[in-house]
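**Q** Listed below are the residues making up each chain.
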Amino acid sequence: MSSFDYLLHGFGIALQPMNLLWALIGSALGTAIGVLPGIGPALTIALLLPVTVSIAPTAAFIMFAGVLYGAMYGGSTTSILINTPGESGSMMTALEGNRMARDGRGAAALATAAIGSFVAGTIATIALTFLAPVVAELAFIFRPADYFALIMLAFCSVAVVMGSSRVRGFIALLLGIGMGTVGIDVMTGQPRLTFGVMGLLNGIELTVVLVSLFAMGEILFVASRYDPGQEVPIKVRGRWMTGEDLRRSWKPWLRGTVLGFPMGVLPGGGSEIPTMLSYTLERKLCEKPEDFGTVGAIEGVAGPEAANNAAAAGVLVPLLTLGLPTSATAAILLAAFQNYGLQPGPNLFTANPDLVWGLIASLYIGNAMLLILNLPLVGMWVRLLSIPKPQLYAGILIFALIGIWGVSGSQIDLIIMVVVGVAGYVMRVYDFPIAPVLIGLILGPMAEYQLRTALLSRQGSAWVLVETPISITFLAVAALTFILPPLIRRLRASS
Amino acid sequence: MQPRPPPRPWWLAAIIVALGAVSVWGASSLPAASRYAGIGPGTVPRLVGWALIGLGIILAVQIARGETFEPQGTENADAALPMNPLAFALALAAAVLPIFALKTLGLPLVAMVSFTLVARSFGSRRLAVDVVSGAILGSLAWFLFDRLGLQLGGFMPFAGLGS
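Chains as they are written, first to last, in my numbering: chain A, 1 to 495; chain B, 1 to 163.
If you're looking for bench data, these hints aren't it; they were derived computationally from the structure. Watch out, some of these pointers could steer you wrong.
[As the list claims (entries may be wrong)] Cross-link-like lysine to any residue pairs, in silico, SDA-like; alpha carbons within 25 Å at most:
#, chain 1, residue 1, chain 2, residue 2
1, B, 103, A, 203
2, B, 103, A, 53
3, A, 251, A, 130
4, A, 288, A, 273
5, A, 288, A, 243
6, B, 103, A, 411
7, B, 103, A, 198
8, B, 103, A, 51
With the hints as constraints, model all of the structure from the sequences given.
**A** Take a look at the structure:
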């Protein structure tokens, strides 16, 4: 069967009434959390993980996909109407989108964001449909040393790209890897770094760390620096989209997609860089550059929004084909796979085609659903903003408690929540990036396993790590991410 | 008036070095090398530990050179505001309470108190409303997630309610 046949099969699964319902729940939930402050897609999926006890994996992942895409639609709504980008990917949208809304063209800004997200999401999903099986095939020839080199590349790029300082990026990453070593060593059965605490033998759960860092850290940070100024959303005015708007939007949509998708596929690419690049590009290419920064240019909303959505779909390529998460949300999705005893990677495509293709098909459906949910119903989502903040954050704590206590019922996890929550607070105050902790925690044990397997096959000779062209390439690129940025800076300074 | 010198958070570097030292110390009892793999269960914790110590020292050097740390911007928080220690303490108390009370008092009651504490730390003055909403939210969540198969403990274990 070709990718296309598999995709049709996937639609057959995703269009089953129950699965459509899960997609709708996910999309609605995702949009709501995108609009609400304090909770992002990663945290939402982490809090939904307990639900996976009682629903089938395909349904769960269809719902998670809805949350992932929905959160981005919701995030752009608040960026445009109240100038608060909920996540880093919609920062650029807020720049022009909010100006447009102030100028009475809020409806057009929302429309170009939503339609642009739909176009980019759909094109990126098509790219994912045909690229993923190819990458998965390639991955079959990967040896343990190649995997190890790939994870090293992911580590270096994540630590270098995310956050403002490389030192702090690597500290965050190493804290994650360090937490990943706690518990029983899988290869020898020895307890490591448990210091005699029984509750630590099973290791530190990613969910617990993620919920603590995102929910607890955020609550502590916002509480200690709370700004009670009530933001009033700008009324949605103007026509949804004129012919002129459409004419100015379609090229930025496509350019944003082309920028976003490959950046999402690369480890450490994330959504900040493509959205920023797209914004800069559109500003250069715009026929009316005077609109930028004054009344708001529609190109500055269309491009970054498309780039953001395309990047989010791109992140799924390394996750599904190699089991390599490159963002916090992807890390928690990997944890969800592991909860079901599934390991994303090349084998997933052959062992669970229903799940993989049902998930990919549901991305198409989710995108269409979100377009309908968001454009006519935008007023309903904006009303969520009237939930008073003290009660909203208090509610987030309750759900965080349930997410942590409900899974294990262990007091150790509650203690970890407080310790890691305070760490999350400190990291916010002193500007340490948070995603590398999660990537280190989930990929650290994988890197160690691959390293030890590789060395075992050569009686401990380290040469095995640089025996194949694949591993040499990955390690070389990893080294480049280290060396290049300071080199470029030095060159620029001297010129 | 002279501008205040930027704060020097030495303790930050000290904590990183200390965490690294803990990892190295914890790994010291583990075999570093097995006969066949060349490396053993102790290798990675030891490497991570030494790397953290090294990065902690680099961080200390950066701090000595006057590195500035700007709080990350987030919704509803003004990064430029000074820390409000009382609000921080209240929110922290809301997180610490469950460690001691969740097993005996049960989720709904703990949720009620923690909810009220967090709402209060955000400046809410409506005590009665917060207590009631916390209790309702906690009970609803308990019933819902209990149905979904989560092990949340008894409804009010000290009173022998729920299973």
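**Q** Which numbered hints are broken by the structure, listed smallest first?
**A** none
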